[in-house]
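Protein sequences, first through last, are from chains E and Y. Residues in the first sequence are numbered from 1 upward in steps of one, following my numbering. Residues in the second sequence are numbered from 1 upward in steps of one, following my numbering.
These are calculated hints, taken from the structure and not from any lab test. A hint or two may mislead.
[What the hints assert, rightly or not] Beta-carbon label-pair distances, calculated as ranges:
#1 Gly16/Y with Arg57/E: 46 to 54 Å
#2 Thr113/Y with Pro114/E: 38 to 46 Å
#3 Ser106/E with Thr113/Y: 21 to 29 Å
#4 Gly59/E with Glu82/Y: 39 to 47 Å
#5 Asn77/Y with Leu111/E: 35 to 43 Å
#6 Gly59/E with Ala80/Y: 37 to 45 Å
#7 Pro9/E with Ser27/Y: 33 to 41 Å
#8 Pro114/E with Arg63/Y: 41 to 49 Å
#9 Asn59/Y with Ala79/E: 37 to 45 Å
#10 Pro9/E with Asp84/Y: 35 to 43 Å
[Unchecked claim] Some but not every residue of chain Y turned toward chain E, in silico, with C-beta under 7 Å:
#11 Gln41
#12 Gly42
#13 Pro43
#14 Phe45
#15 Gln48
#16 Arg51
#17 Glu53
#18 Asn55
#19 Gly56
#20 Ala87
#21 Leu90
#22 Tyr103
#23 Phe104
#24 Gly105
#25 Gly107
[As the list claims (entries may be wrong)] Reference excerpt, derived from the structure (chain Y facing chain E, CB under 8 Å, subset only):
#26 Lys13
#27 Thr20
#28 His29
#29 Asn30
#30 Ser33
#31 Gly58
These figures come from a predicted structure and were not determined experimentally. Glycine residues also receive a C-beta, built at the ideal position from the N, C-alpha and C atoms.
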Amino acid sequence: GESVGLHLPTLSVQEGDNSIINCAYSNSASDYFIWYKQESGKGPQFIIDIRSNMDKRQGQRVTVLLNKTVKHLSLQIAATQPGDSAVYFCAENPREDSSYKLIFGSGTRLLVRP
Amino acid sequence: ETGVTQSPTHLIKTRGQQVTLRCSSQSGHNTVSWYQQALGQGPQFIFQYYREEENGRGNFPPRFSGLQFPNYSSELNVNALELDDSALYLCASSPGTGGREQYFGPGTRLTVT
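The following block holds chain E by itself, in its conformation from the complex (with noise of 0.2 Å):
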């Protein structure tokens, strides 16, 4: 079926560093994507989103790169902060009906060391 995988389940980064999460998708039909946040006890936090007609967006210190031939999606954070610390996620809306259902990975969990 379709799913949305995380290469790395843990990923911890030096404070300062830029940090890279990855994700793979699976429906090649899915044409919207989004990276959500989570921090302990918290609802996903809104990053950043992508459209598969683009192959990059930036926002405030993020970056988000999608390469719809390998079915692709990063995370990337410049100067890593301890408070990037969480659980991030990626997540697509594969458009199988008129909903905006959004199918999530089990997630990778950011560790800042100071």
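Take the given structure of chain E and dock chain Y to it, following the hints.
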């Protein structure tokens, strides 16, 4: 601008009971989605409501039902609770035709004993 709110924060129920969870969408958003998040996993789509009509459903049994009100707030009802229903239930609102991004509330932690 008020974000998505959910109530209650925590809930403990006994197997076989029924539960109702509530969600108020973000101002201006007409679409509400519900997700179930088991511990250590990503959220799973339950269903979505757009202008008071169900607009898509995930792989959940009929004992999971919902409702959306004219002010776009929403309820999730679960009948005949099972132990596996223990999870964090998340509500997300989106602008609908105005945009596909979904903004989540803090969730309701349901424990079934």
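inquiry  = Under the constraints set out in the numbered hints, which ones does this structure not fulfil?
reply    = The structure conflicts with hints 10, 16, 17, 20, 26, 27, 28, 29, although it agrees with all the remaining ones.
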